[in-house]
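A.B. asks: The whole structure should be built from the sequences, with the hints applied where relevant.
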Amino acid sequence: MNKIIYVFLLAVLFSSCNEYQRAIKSEDVAVKFDVATKKYEAGKYEKAIRLFEQIAPAYRGKPQAEKMFYMFAQSYYKTEQYYLSGYQFESFVALYPKSQKVEEAAFLSAKSYAQLSPVYSLDQADTDKAITKLQSFINTYPNSSYMPEANEMIKGLREKLEKKAFEIAKQYNTISDFKTAIKALDNFIAEYPGTPFKEKALYYKLDSCYNLAINSVPAKMQERLNAAKVAYASLIKFNANTEYKKIADDMLVRIDKDLQQFSK
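Going left to right, the sequence shown walks through residues -18 to 245 as the working numbering numbers them.
Honestly, the hints are just simulated from the structure, not real lab data.
A few of these clues could be false.
Unchecked claim - For each label pair, taking beta carbons as the anchor points, the in silico distance ranges come out as:
| no. | residue 1 | residue 2 | range |
| --- | --- | --- | --- |
| 1 | 172 | 60 | 22 to 28 Å |
| 2 | 222 | 144 | 19 to 25 Å |
| 3 | 164 | 103 | 21 to 27 Å |
| 4 | 219 | 103 | 28 to 34 Å |
What the hints assert, rightly or not - Calculated lysine-lysine pairs in the BS3-like style (CA-CA distance at most 27 Å, straight line):
| no. | residue 1 | residue 2 |
| --- | --- | --- |
| 5 | 238 | 226 |
| 6 | 226 | 144 |
| 7 | 136 | 110 |
| 8 | 145 | 160 |
| 9 | 164 | 181 |
| 10 | 145 | 82 |
| 11 | 48 | 19 |
| 12 | 59 | 82 |
| 13 | 48 | 25 |
| 14 | 210 | 226 |
| 15 | 181 | 226 |
| 16 | 201 | 141 |
| 17 | 19 | 43 |
| 18 | 136 | 210 |
| 19 | 79 | 48 |
| 20 | 181 | 160 |
| 21 | 160 | 136 |
| 22 | 227 | 144 |
| 23 | 141 | 179 |
| 24 | 25 | 59 |
| 25 | 164 | 82 |
| 26 | 79 | 19 |
| 27 | 179 | 210 |
| 28 | 110 | 179 |
| 29 | 19 | 59 |
Idealized CB from N, CA, C, for every residue including glycine.
C.D. replies: Right, dumping it as structure tokens:
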């Protein structure tokens, strides 16, 4: 009995493979479409893509084109080919603005670009593009069921941009270019006032102000010590229980001690 079932399954598999190979070689676009649809519905997206690629130019304007281009875009998305899925879904929206799938396609196009966003340390051109696409989707479909996910993705992408900007500003502190660090951190705080990295930025500004002051020539030391004191106050005002409080308090003691020489 088991042998019969095994032979039957082999026959089905062989028939399926033959059907696919025949479709690949066929000149009949209807045959290719039928087999591609079967492969798509069976989750065989790579095979479906190969057939969709063959028939896509010929199907534009045909009655089944909308279904074909939707499956084509989904196949790219399911196989994580996000540049291609983003482009295909975007094209679908442009070609079929009245489709029942248009909202989903617009969302998946934006999501495809979001999936391309790299780690924060790399170039963020794809992150900027994803934010633009997601914001466009939100503006177009403000009542969409995809809205919570779209907003969450934008939040994550913006935080990635903020982290990159913060790390660039912080790097000046790391290499002891304290004057540039102060300016860069000020610019970062002004550009991203609600950033989750604000406390860290305020601390590294204090650290930069402090180190710039204690390494200054006497003529500039008093002014820079007072600037460091203002930076300390900004950090404590933002969070009185900051994780950097002990280090910051130690800096303040040194600042006040050094300022005493200018009050004599």
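A.B. asks: Does each hint fit the structure? Answer for all of them.
C.D. replies: The hints, checked one at a time:
Checked against the hint of 22 to 28 Å, the pair residue 172 and residue 60 fails, with Cβ atoms roughly 38 Å apart. For residue 222 and residue 144, the Cβ-Cβ distance of about 23 Å falls inside the hinted range of 19 to 25 Å, so the restraint holds. A hinted range of 21 to 27 Å for the beta carbons of residue 164 and residue 103 is consistent with their spacing of about 25 Å. A beta carbon spacing of about 30 Å between residue 219 and residue 103 agrees with the range 28 to 34 Å that was offered as a hint.
Of the pairs offered as hints, the one joining residue 238 and residue 226 holds, with about 18 Å between alpha carbons and a cut-off of 27 Å not exceeded. Between residue 226 and residue 144 the CA atoms are separated by roughly 22 Å; this keeps the pair inside 27 Å, and the hint holds. Distance hint between residue 136 and residue 110 is fulfilled; the C-alpha atoms sit about 14 Å from each other, no more than 27 Å. Taking the CA atoms of residue 145 and residue 160, the gap is about 20 Å. The hint holds against a cut of 27 Å.
With a C-alpha separation of about 15 Å, the suggested pairing of residue 164 with residue 181 holds against the 27 Å cut-off. With a C-alpha separation of about 36 Å, the suggested pairing of residue 145 with residue 82 is violated against the 27 Å cut-off. For the given pair, residue 48 sits about 13 Å from residue 19 by alpha-carbon distance, which is consistent with the 27 Å threshold. Restraint check: the Cα-Cα separation between residue 59 and residue 82 comes to about 16 Å, which is no more than 27 Å; the hinted pair holds.
Pair hint residue 48 plus residue 25 holds up; C-alpha atoms about 17 Å apart against a cutoff of 27 Å. Between residue 210 and residue 226 the CA atoms are separated by roughly 14 Å; this keeps the pair inside 27 Å, and the hint holds. For the hint linking residue 181 to residue 226, the alpha-carbon distance of about 12 Å falls within 27 Å, and the restraint holds. Under the criterion of a C-alpha separation no larger than 27 Å, the hint pairing residue 201 with residue 141 is inconsistent with the structure, at around 37 Å.
The hinted pair formed by residue 19 and residue 43 meets the criterion: a straight-line CA distance of about 19 Å does not exceed 27 Å. Taking the CA atoms of residue 136 and residue 210, the gap is near 34 Å; set against the 27 Å cutoff, the hint is violated. Pair hint residue 79 plus residue 48 holds up; C-alpha atoms about 13 Å apart against a cutoff of 27 Å. Distance hint between residue 181 and residue 160 is fulfilled; the C-alpha atoms sit about 17 Å from each other, no more than 27 Å.
Between residue 160 and residue 136 the CA atoms are separated by roughly 31 Å; this puts the pair beyond 27 Å, and the hint is violated. Of the pairs offered as hints, the one joining residue 227 and residue 144 holds, with about 25 Å between alpha carbons and a cut-off of 27 Å not exceeded. For a cut-off of 27 Å, the pair hint linking residue 141 to residue 179 stands: about 14 Å separates their Cα positions. Restraint check for residue 25 and residue 59: satisfied, since their Cα atoms lie roughly 10 Å apart, inside the 27 Å limit.
A C-alpha spacing of about 49 Å is found between residue 164 and residue 82, which places the hinted pair above 27 Å, so the restraint is violated. A C-alpha spacing of about 26 Å is found between residue 79 and residue 19, which places the hinted pair at or below 27 Å, so the restraint holds. For the hint pairing residue 179 with residue 210, the CA-to-CA distance comes to about 18 Å; that is within 27 Å, so the pair holds. Restraint check for residue 110 and residue 179: satisfied, since their Cα atoms lie roughly 25 Å apart, inside the 27 Å limit.
The suggested pairing of residue 19 with residue 59 holds, with an alpha-carbon distance near 15 Å, which does not exceed 27 Å.
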